[in-house]
Amino acid sequence: MHLPIFYDGQLLRCLVVGGGPSIVRKTEAFVEAGASVTVIAPQADFKILVLSSLARVKWEQREYVKGDCVGYDLLVIGSEETIPKLELVEEARKNTVPVNVCGEPSMSTFFFPAVLREGDLTVAVSSGGIAPFMAAEFKRRLSSAVKGWGQWVNMAGRFRFAVTRNTKDPSRREDYYDKFITAGPFQIDPEPTERTSIAEWMQILRHAKFGPRAPRKPFEDAPLPDSEHASKESE
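Using my numbering, read the sequence shown as starting at 1 and increasing by one per residue.
Treat the hints with caution; some may be incorrect.
As the list claims (entries may be wrong) - With a straight-line cut-off of 25 Å between C-alpha atoms, the simulated PhoX-like cross-links for lysine-lysine are:
1. K139 <-> K26
2. K47 <-> K85
3. K47 <-> K26
4. K85 <-> K66
5. K179 <-> K147
6. K147 <-> K168
Since the hints were derived computationally from the structure, they do not count as laboratory data.
Please take these sequences and the hints and turn them into a complete structure.
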(Lines of atoms letter the chains of each structure in order from A; the text may use other names.)
(Lines give C-alpha, C1' and ligand atoms only; values in the text may rest on other atoms or scores of the structure.)
Protein backbone atom coordinates (compact mmCIF):
# COMPACT_ATOMS: atom_id res chain seq x y z
CA MET A 1 0.00 0.00 0.00
CA HIS A 2 1.37 3.39 -0.98
CA LEU A 3 0.81 6.75 0.72
CA PRO A 4 0.03 9.60 -1.70
CA ILE A 5 1.53 12.90 -0.51
CA PHE A 6 1.76 16.31 -2.18
CA TYR A 7 4.92 18.31 -1.50
CA ASP A 8 5.34 22.06 -1.87
CA GLY A 9 7.69 21.86 -4.84
CA GLN A 10 9.32 25.24 -4.22
CA LEU A 11 10.68 23.98 -0.89
CA LEU A 12 12.27 20.83 -2.33
CA ARG A 13 15.96 20.18 -3.00
CA CYS A 14 16.17 17.29 -5.44
CA LEU A 15 19.18 15.25 -6.55
CA VAL A 16 19.29 13.39 -9.86
CA VAL A 17 22.09 10.89 -10.46
CA GLY A 18 22.51 10.05 -14.13
CA GLY A 19 22.04 12.03 -17.31
CA GLY A 20 20.32 9.61 -19.68
CA PRO A 21 16.86 9.77 -21.25
CA SER A 22 15.32 7.84 -18.32
CA ILE A 23 15.59 10.82 -15.96
CA VAL A 24 14.49 13.58 -18.34
CA ARG A 25 10.75 13.41 -17.59
CA LYS A 26 11.34 13.20 -13.85
CA THR A 27 13.72 16.14 -13.90
CA GLU A 28 11.13 18.10 -15.87
CA ALA A 29 8.52 17.21 -13.22
CA PHE A 30 10.77 18.67 -10.52
CA VAL A 31 11.29 21.84 -12.55
CA GLU A 32 7.56 22.20 -13.25
CA ALA A 33 6.88 22.01 -9.50
CA GLY A 34 9.42 24.75 -8.84
CA ALA A 35 11.97 22.55 -7.09
CA SER A 36 15.70 23.15 -6.93
CA VAL A 37 17.47 20.37 -8.88
CA THR A 38 21.06 19.13 -8.99
CA VAL A 39 22.05 16.65 -11.69
CA ILE A 40 25.25 14.64 -11.18
CA ALA A 41 26.46 12.82 -14.30
CA PRO A 42 29.61 12.70 -16.45
CA GLN A 43 27.44 12.98 -19.57
CA ALA A 44 23.93 14.33 -19.97
CA ASP A 45 21.08 14.10 -22.46
CA PHE A 46 20.58 17.24 -24.58
CA LYS A 47 17.30 17.97 -22.77
CA ILE A 48 19.17 17.95 -19.47
CA LEU A 49 21.63 20.46 -20.92
CA VAL A 50 18.72 22.68 -21.86
CA LEU A 51 17.22 22.36 -18.37
CA SER A 52 20.58 23.18 -16.80
CA SER A 53 20.34 26.63 -18.38
CA LEU A 54 17.52 27.36 -15.94
CA ALA A 55 18.30 29.01 -12.63
CA ARG A 56 16.85 26.13 -10.57
CA VAL A 57 18.79 23.33 -12.32
CA LYS A 58 22.51 22.69 -11.74
CA TRP A 59 24.47 20.08 -13.67
CA GLU A 60 27.67 18.80 -12.05
CA GLN A 61 29.64 16.98 -14.75
CA ARG A 62 31.21 14.23 -12.63
CA GLU A 63 30.63 10.84 -11.02
CA TYR A 64 28.58 10.47 -7.84
CA VAL A 65 30.66 10.62 -4.64
CA LYS A 66 29.60 8.96 -1.41
CA GLY A 67 27.69 11.42 0.73
CA ASP A 68 26.36 13.50 -2.16
CA CYS A 69 22.72 12.70 -1.31
CA VAL A 70 22.95 14.06 2.23
CA GLY A 71 20.81 17.16 2.68
CA TYR A 72 18.50 16.50 -0.27
CA ASP A 73 14.77 15.88 0.04
CA LEU A 74 14.40 13.46 -2.90
CA LEU A 75 16.80 11.34 -4.95
CA VAL A 76 16.28 9.97 -8.47
CA ILE A 77 18.71 7.42 -9.92
CA GLY A 78 18.89 6.88 -13.68
CA SER A 79 18.85 3.54 -15.44
CA GLU A 80 22.46 3.66 -16.68
CA GLU A 81 24.31 0.40 -16.00
CA THR A 82 27.39 2.31 -14.85
CA ILE A 83 25.57 3.67 -11.80
CA PRO A 84 26.02 1.56 -8.62
CA LYS A 85 22.30 1.65 -7.85
CA LEU A 86 22.27 -0.68 -4.85
CA GLU A 87 24.98 1.30 -3.07
CA LEU A 88 23.20 4.60 -3.72
CA VAL A 89 19.85 3.20 -2.54
CA GLU A 90 21.40 1.89 0.69
CA GLU A 91 23.07 5.25 1.33
CA ALA A 92 19.85 7.15 0.62
CA ARG A 93 17.85 4.98 3.00
CA LYS A 94 20.54 5.30 5.66
CA ASN A 95 20.20 9.08 5.39
CA THR A 96 16.37 8.92 5.20
CA VAL A 97 16.28 10.35 1.68
CA PRO A 98 13.34 9.02 -0.40
CA VAL A 99 14.70 7.43 -3.59
CA ASN A 100 13.30 6.52 -7.00
CA VAL A 101 15.27 4.21 -9.28
CA CYS A 102 14.21 4.42 -12.92
CA GLY A 103 12.86 1.06 -14.09
CA GLU A 104 13.37 -0.59 -10.68
CA PRO A 105 10.18 -0.21 -8.59
CA SER A 106 11.38 -2.82 -6.06
CA MET A 107 14.36 -0.59 -5.21
CA SER A 108 12.32 2.61 -4.98
CA THR A 109 10.72 4.17 -1.93
CA PHE A 110 8.58 6.62 -3.92
CA PHE A 111 7.05 6.73 -7.41
CA PHE A 112 6.16 9.43 -9.91
CA PRO A 113 2.44 9.45 -10.70
CA ALA A 114 0.84 10.54 -13.94
CA VAL A 115 -0.17 14.13 -13.16
CA LEU A 116 -3.10 16.10 -14.49
CA ARG A 117 -3.29 19.84 -13.72
CA GLU A 118 -6.22 22.19 -14.13
CA GLY A 119 -5.38 25.49 -12.46
CA ASP A 120 -5.07 24.78 -8.73
CA LEU A 121 -6.52 21.29 -9.18
CA THR A 122 -3.95 18.49 -9.28
CA VAL A 123 -4.94 14.88 -9.95
CA ALA A 124 -2.25 12.21 -9.55
CA VAL A 125 -2.62 8.59 -10.70
CA SER A 126 -0.17 5.83 -9.86
CA SER A 127 0.08 2.12 -10.53
CA GLY A 128 2.67 1.72 -7.77
CA GLY A 129 5.38 1.51 -10.40
CA ILE A 130 4.21 -1.80 -11.90
CA ALA A 131 2.35 -0.45 -14.96
CA PRO A 132 3.10 3.24 -15.68
CA PHE A 133 1.36 3.02 -19.06
CA MET A 134 -1.94 2.33 -17.27
CA ALA A 135 -1.49 5.37 -15.04
CA ALA A 136 -0.97 7.42 -18.21
CA GLU A 137 -4.16 5.95 -19.72
CA PHE A 138 -6.24 6.79 -16.64
CA LYS A 139 -4.83 10.32 -16.77
CA ARG A 140 -5.92 10.59 -20.40
CA ARG A 141 -9.45 9.44 -19.57
CA LEU A 142 -9.71 11.79 -16.60
CA SER A 143 -8.48 14.80 -18.57
CA SER A 144 -11.80 15.21 -20.38
CA ALA A 145 -13.83 14.60 -17.23
CA VAL A 146 -12.18 17.40 -15.22
CA LYS A 147 -11.85 19.94 -18.01
CA GLY A 148 -12.80 23.34 -16.59
CA TRP A 149 -12.67 22.14 -12.99
CA GLY A 150 -9.59 24.25 -12.28
CA GLN A 151 -11.73 27.40 -12.36
CA TRP A 152 -14.31 25.67 -10.17
CA VAL A 153 -11.66 24.81 -7.57
CA ASN A 154 -10.28 28.35 -7.71
CA MET A 155 -13.72 29.79 -6.98
CA ALA A 156 -14.20 27.20 -4.24
CA GLY A 157 -11.23 28.72 -2.42
CA ARG A 158 -12.86 32.16 -2.50
CA PHE A 159 -16.20 30.70 -1.47
CA ARG A 160 -14.55 28.90 1.46
CA PHE A 161 -12.97 32.18 2.56
CA ALA A 162 -16.40 33.88 2.64
CA VAL A 163 -17.95 30.99 4.55
CA THR A 164 -15.22 30.63 7.20
CA ARG A 165 -15.10 34.40 7.69
CA ASN A 166 -18.83 34.72 8.35
CA THR A 167 -20.04 31.33 9.59
CA LYS A 168 -18.88 29.76 12.83
CA ASP A 169 -21.29 26.80 12.96
CA PRO A 170 -19.53 23.73 11.41
CA SER A 171 -22.79 22.13 10.30
CA ARG A 172 -23.90 25.31 8.55
CA ARG A 173 -20.53 25.55 6.82
CA GLU A 174 -21.02 22.03 5.49
CA ASP A 175 -24.47 23.07 4.25
CA TYR A 176 -22.94 25.94 2.29
CA TYR A 177 -20.20 23.71 0.86
CA ASP A 178 -22.78 21.16 -0.26
CA LYS A 179 -24.69 23.89 -2.11
CA PHE A 180 -21.51 24.98 -3.86
CA ILE A 181 -20.76 21.41 -4.95
CA THR A 182 -24.36 20.85 -6.05
CA ALA A 183 -24.26 23.94 -8.27
CA GLY A 184 -21.12 23.00 -10.17
CA PRO A 185 -19.05 22.65 -12.18
CA PHE A 186 -20.13 26.06 -13.44
CA GLN A 187 -18.72 29.06 -15.27
CA ILE A 188 -18.89 32.66 -14.06
CA ASP A 189 -17.54 35.76 -15.78
CA PRO A 190 -16.36 37.84 -14.06
CA GLU A 191 -15.44 35.56 -11.17
CA PRO A 192 -16.44 36.47 -7.59
CA THR A 193 -13.71 37.86 -5.36
CA GLU A 194 -12.79 37.12 -1.73
CA ARG A 195 -14.91 40.13 -0.75
CA THR A 196 -18.09 38.61 -2.19
CA SER A 197 -20.62 38.07 0.61
CA ILE A 198 -22.41 34.81 1.33
CA ALA A 199 -25.74 36.33 0.31
CA GLU A 200 -24.22 37.31 -3.06
CA TRP A 201 -22.71 33.83 -3.42
CA MET A 202 -26.12 32.25 -2.91
CA GLN A 203 -27.53 34.30 -5.78
CA ILE A 204 -24.55 33.41 -7.94
CA LEU A 205 -24.95 29.70 -7.25
CA ARG A 206 -28.68 29.81 -7.97
CA HIS A 207 -28.12 31.31 -11.43
CA ALA A 208 -24.73 29.76 -12.26
CA LYS A 209 -24.13 28.59 -15.81
CA PHE A 210 -23.21 24.93 -15.73
CA GLY A 211 -19.88 23.91 -17.20
CA PRO A 212 -19.10 20.83 -19.27
CA ARG A 213 -20.59 18.41 -16.72
CA ALA A 214 -24.04 18.44 -15.15
CA PRO A 215 -24.45 19.00 -11.39
CA ARG A 216 -25.15 16.12 -9.04
CA LYS A 217 -28.76 17.26 -8.65
CA PRO A 218 -30.78 20.37 -9.52
CA PHE A 219 -29.66 23.22 -7.29
CA GLU A 220 -33.29 24.23 -6.71
CA ASP A 221 -33.82 20.94 -4.83
CA ALA A 222 -31.41 22.05 -2.11
CA PRO A 223 -33.02 24.41 0.45
CA LEU A 224 -31.32 27.78 0.52
CA PRO A 225 -30.51 29.39 3.85
CA ASP A 226 -32.94 31.99 5.11
CA SER A 227 -32.21 35.22 3.19
CA GLU A 228 -32.32 37.33 6.35
CA HIS A 229 -29.90 34.95 8.10
CA ALA A 230 -27.57 34.96 5.09
CA SER A 231 -27.57 38.74 5.01
CA LYS A 232 -26.64 38.94 8.68
CA GLU A 233 -23.78 36.47 8.21
CA SER A 234 -22.37 38.40 5.26
CA GLU A 235 -21.88 41.57 7.29
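Hint-by-hint comparison with the structure:
Our distance criterion of 25 Å between C-alpha atoms is met by K139 and K26, whose separation comes to about 17 Å. The straight-line distance between the Cα atoms of K47 and K85 is roughly 23 Å, inside the 25 Å bound, and the hint therefore holds. Between the alpha carbons of K47 and K26 the distance comes to roughly 12 Å, so the proposed pair stays at or under 25 Å and holds. Distance restraint check for K85 and K66: the Cα-Cα separation of roughly 12 Å lies within the 25 Å cut-off, and the hinted pair is therefore satisfied.
Of the supplied pair hints, the one linking K179 and K147 holds, its CA atoms being roughly 21 Å apart against a limit of 25 Å. For the hint pairing K147 with K168, the CA-to-CA distance comes to about 33 Å; that exceeds 25 Å, so the pair is violated.
Checked against the numbered hints above, the structure violates only hint 6.
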